[in-house]
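S.K.: Top to bottom, those sequences are chains A and B.
When we follow the UniProt record's numbering, the leftmost residue of the first sequence carries the number 1, and every step to the right adds one.
When we follow the UniProt record's numbering, the leftmost residue of the second sequence carries the number 1, and every step to the right adds one.
FYI, nobody ran anything at the bench for these hints, they're computed from the structure.
Among the hints, erroneous ones may be present.
A pair counts as met if it fits within one copy or between any two copies, since identical chains are not told apart.
[Unchecked claim] With a straight-line Cα cutoff of 20 Å, these simulated PhoX-like cross-link-like pairs (lysine-lysine) come out: (1) Lys208 <-> Lys96; (2) Lys52 <-> Lys96; (3) Lys96 <-> Lys346; (4) Lys208 <-> Lys161; (5) Lys342 <-> Lys96; (6) Lys192 <-> Lys274; (7) Lys161 <-> Lys274; (8) Lys342 <-> Lys128; (9) Lys4 <-> Lys274; (10) Lys371 <-> Lys346; (11) Lys192 <-> Lys240; (12) Lys332 <-> Lys208; (13) Lys274 <-> Lys52; (14) Lys52 <-> Lys371.
2 protein chains.
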Amino acid sequence: MTAKITQFLAEQRPETPCLVVDLDIIADNYDALRRFLPVAQVFYAVKANPAKEVISLLVGLGSCFDTASRPEIEQVLAAGASPDRISFGNTIKKQKDIAWAYEQGVRLFAFDSEAELQKLAQSAPGAKVFCRLLMTCEGAEWPLSRKFGCDAEMARDLLIKARDLGLEPYGISFHVGSQQTRLDQWDIAVGKTAMLFTALNEAGIELKMINLGGGLPARYRDDVAPVDDYASAIMNAMTKHFGNDLPLMIVEPGRSLVGDSGIIEAEVVLISRKSYDEDVRWVYLDIGKFGGLAETMDESIKYRLQAPGEGPSGPVVLAGPTCDSADILYEKYQYQMPLSLKVGDKVRILATGAYTTSYSAVNFNGFEPLKAYYV
Amino acid sequence: MTAKITQFLAEQRPETPCLVVDLDIIADNYDALRRFLPVAQVFYAVKANPAKEVISLLVGLGSCFDTASRPEIEQVLAAGASPDRISFGNTIKKQKDIAWAYEQGVRLFAFDSEAELQKLAQSAPGAKVFCRLLMTCEGAEWPLSRKFGCDAEMARDLLIKARDLGLEPYGISFHVGSQQTRLDQWDIAVGKTAMLFTALNEAGIELKMINLGGGLPARYRDDVAPVDDYASAIMNAMTKHFGNDLPLMIVEPGRSLVGDSGIIEAEVVLISRKSYDEDVRWVYLDIGKFGGLAETMDESIKYRLQAPGEGPSGPVVLAGPTCDSADILYEKYQYQMPLSLKVGDKVRILATGAYTTSYSAVNFNGFEPLKAYYV
Numbered sequence: 001m002t003a004k005i006t007q008f009l010a011e012q013r014p015e016t017p018c019l020v021v022d023l024d025i026i027a028d029n030y031d032a033l034r035r036f037l038p039v040a041q042v043f044y045a046v047k048a049n050p051a052k053e054v055i056s057l058l059v060g061l062g063s064c065f066d067t068a069s070r071p072e073i074e075q076v077l078a079a080g081a082s083p084d085r086i087s088f089g090n091t092i093k094k095q096k097d098i099a100w101a102y103e104q105g106v107r108l109f110a111f112d113s114e115a116e117l118q119k120l121a122q123s124a125p126g127a128k129v130f131c132r133l134l135m136t137c138e139g140a141e142w143p144l145s146r147k148f149g150c151d152a153e154m155a156r157d158l159l160i161k162a163r164d165l166g167l168e169p170y171g172i173s174f175h176v177g178s179q180q181t182r183l184d185q186w187d188i189a190v191g192k193t194a195m196l197f198t199a200l201n202e203a204g205i206e207l208k209m210i211n212l213g214g215g216l217p218a219r220y221r222d223d224v225a226p227v228d229d230y231a232s233a234i235m236n237a238m239t240k241h242f243g244n245d246l247p248l249m250i251v252e253p254g255r256s257l258v259g260d261s262g263i264i265e266a267e268v269v270l271i272s273r274k275s276y277d278e279d280v281r282w283v284y285l286d287i288g289k290f291g292g293l294a295e296t297m298d299e300s301i302k303y304r305l306q307a308p309g310e311g312p313s314g315p316v317v318l319a320g321p322t323c324d325s326a327d328i329l330y331e332k333y334q335y336q337m338p339l340s341l342k343v344g345d346k347v348r349i350l351a352t353g354a355y356t357t358s359y360s361a362v363n364f365n366g367f368e369p370l371k372a373y374y375v
Numbered sequence: 001m002t003a004k005i006t007q008f009l010a011e012q013r014p015e016t017p018c019l020v021v022d023l024d025i026i027a028d029n030y031d032a033l034r035r036f037l038p039v040a041q042v043f044y045a046v047k048a049n050p051a052k053e054v055i056s057l058l059v060g061l062g063s064c065f066d067t068a069s070r071p072e073i074e075q076v077l078a079a080g081a082s083p084d085r086i087s088f089g090n091t092i093k094k095q096k097d098i099a100w101a102y103e104q105g106v107r108l109f110a111f112d113s114e115a116e117l118q119k120l121a122q123s124a125p126g127a128k129v130f131c132r133l134l135m136t137c138e139g140a141e142w143p144l145s146r147k148f149g150c151d152a153e154m155a156r157d158l159l160i161k162a163r164d165l166g167l168e169p170y171g172i173s174f175h176v177g178s179q180q181t182r183l184d185q186w187d188i189a190v191g192k193t194a195m196l197f198t199a200l201n202e203a204g205i206e207l208k209m210i211n212l213g214g215g216l217p218a219r220y221r222d223d224v225a226p227v228d229d230y231a232s233a234i235m236n237a238m239t240k241h242f243g244n245d246l247p248l249m250i251v252e253p254g255r256s257l258v259g260d261s262g263i264i265e266a267e268v269v270l271i272s273r274k275s276y277d278e279d280v281r282w283v284y285l286d287i288g289k290f291g292g293l294a295e296t297m298d299e300s301i302k303y304r305l306q307a308p309g310e311g312p313s314g315p316v317v318l319a320g321p322t323c324d325s326a327d328i329l330y331e332k333y334q335y336q337m338p339l340s341l342k343v344g345d346k347v348r349i350l351a352t353g354a355y356t357t358s359y360s361a362v363n364f365n366g367f368e369p370l371k372a373y374y375v
């Protein structure tokens, strides 16, 4: 809770559920990242929170932008960023969207497959392209599966092919998994990347850029290392594997820039028990999995909660307001709440500035998407 | 595929992804249900597809409506249904929404807890209330968890309390789980309900209604029994446990009325392999888990797919277009697609008329919510 958010909630008393974001926190997080990783260019992952207030702030601070789609690129351009500050970082793009982005002046594109490379060669001739490397990501709370990236052998061949197709083979990207809690994962990933740099050098290609992806955490329920520990781990890995000859470094923070900046205020709609012999209370909030808390899927992201009331606490199952049985936030991972909690109380869900509003269902069960205020 | 949908797609060539719903199928499904279960009142579960075209059609056909929220009630009223055709079926309601619904003339409300009963007594005096009974639902593909309902002992006490609070203890509801494939589940549930009718009779309360919930399936990947088999199973259970003295019966179909009526047309954005030694192709569509296919969560609902092309097929992992690693549709449950499949091909996802549009994320990764056309 920041003073600005507290004041906003006290004075405006907005309808719940709502997200309130303190933009100063985002600015502070951006400055801290720039201070601890001065050699890296910051490409904000717009998908984490695409609000125009957030994008405008970061345009003003000098950030670059990692975008997933044409509408995200449109937003970033509309906020005043020049196209050379934009990376079209999705490896899954429609040909017509590549062509459109290229027309706007975007020149940096991700890929991880031959089919995507062919699209880029056709619709973005001469553009800088980087290949995403498949990583096995231990220690990430929101794991990245195998959806993105290809293995090192294929990445090498594709970067050679990129050159042959008239593109500029520019670098390698990877992602160690979102909300990554194990610092050693960057060492492994940077090591693999450095080997690829060498392999491509032997093929006459000098890669210029390493894109270290995201993965820096926000503070949820469990404590995480401070950002400077992450920065040190990254820089140690870079100097270990690249020596003094560091390539251009890019980071793509989303969660770590905006996660901590926001708080969702929700209301307790119902508290009940299923039978007389159960101790566990079911606490139903007016926000759930389909109203912005999608990352509670499989109880992956464990938000910190603040409930009013003093005195002893007891175990609760937390659920959302829809008629969907899957709309349960936490059941296996049992939270505790004051026994004095009552219907109508306000509960605050902390560090919800990232991956909440844009995940909201458009009108599931008739409920409106999550409202947000930027202060 | 119906002729109307085929014609619409051929003539209009809408941008993908999009859902096309044939309203005639919904009308046919409604008629079939009325024919096979003539003694039951149909309350359409609006959450399955809240499009105004669907609601208007069902208002015209004489359906009643199971609603989850104030906006759903507003929609049903706006479509011309009188308030006595509306059940406020969500057991998790804000007090102010109960009061609002009561002002509109809604007189039928669900509950499963004492706290909810207190709200109803205060804001909907004299209303008919029914208590939802907790069921363990084996055989349901979209299981209902323990989120809704209370056990039989508590249900009995709460219905007695309802009378004491000036409400009309009207009946019992249950839900055997959505997309329920085991016909015997209704027998178990009806048996439990009949015992509660008896117990309340002994307390001087004559319940009048049994709400059999939803659970009737749509046709996804696996074959399901036809609707008349379900109707027979339900009627057999009713006569077995209630004899000739049948209470008023209510059913709340959602999926079984509208599921089969719609088809999503999607485009293949990318086909790739992760390495040279893997046979499995990754096929990325322009729709995914956050664009309307939320029910692929944990690969629960397995849609039937139609892909173009002849010749041999091979295994695929199917994924959506966002940069979210969780946006994978089917990985464990491997689908087969023609080896000749190529980028730009159209893939049709069948039986997607229910639980798709309203689940769409509002703008995750910048992508628009799923567009829908009703023909």
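S.K.: Determine for every hint whether it applies to the structure shown.
M.R.: Results of checking the hints against the structure:
Taking the closest pair of Cα atoms, lysine 208 and lysine 96 never come within 20 Å of each other, the shortest separation being 28 Å inside a single copy and 60 Å across copies. Neither within a single protomer nor between protomers do lysine 52 and lysine 96 lie at most 20 Å apart by alpha-carbon distance, with minima of 25 Å and 33 Å respectively. In this assembly of identical chains, lysine 96 and lysine 346 lie within 20 Å of each other by CA distance solely across copies; the values are 16 Å between and 47 Å within a copy. Taking identical chains as interchangeable, the C-alpha atoms of lysine 208 and lysine 161 lie at most 20 Å apart only when both belong to the same chain, with a minimum of 17 Å there against 74 Å between chains.
Taking the shortest Cα distances, lysine 342 and lysine 96 sit within 20 Å of each other only across copies (16 Å), while inside one copy they are farther apart (53 Å). Only between protomers do lysine 192 and lysine 274 lie at most 20 Å apart by alpha-carbon distance; the minimum there is 16 Å, versus 52 Å within a single protomer. In the homo-oligomer, the alpha carbons of lysine 161 and lysine 274 lie at most 20 Å apart only across protomers (16 Å), although the nearest pairing inside one protomer, at 62 Å, exceeds that limit. Proximity of lysine 342 and lysine 128 under a CA criterion of 20 Å is satisfied in neither setting, with 57 Å inside one chain copy and 25 Å between copies.
When the C-alpha separation of lysine 4 and lysine 274 is checked against a cutoff of 20 Å, the pair qualifies neither within a copy, at 40 Å, nor between copies, at 47 Å. In the homo-oligomer, the alpha carbons of lysine 371 and lysine 346 lie at most 20 Å apart inside one protomer (16 Å), although the nearest pairing across protomers, at 35 Å, exceeds that limit. For a Cα distance limit of 20 Å, the shortest separation of lysine 192 from lysine 240 inside one copy, 12 Å, qualifies, whereas the shortest one across copies, 68 Å, does not. Proximity of lysine 332 to lysine 208 under the C-alpha cut-off of 20 Å is found in neither arrangement, the shortest distances being 46 Å within a copy and 38 Å between copies.
In this assembly of identical chains, lysine 274 and lysine 52 lie within 20 Å of each other by CA distance neither inside one copy nor across copies; the values are 44 Å within and 36 Å between. Taking the shortest alpha-carbon separations for lysine 52 and lysine 371, only the intra-copy value of 14 Å comes in at or below 20 Å, while the best inter-copy value is 24 Å.
Going down the numbered hints, you'll see the structure goes against 1, 2, 8, 9, 12 and 13, while the others check out.
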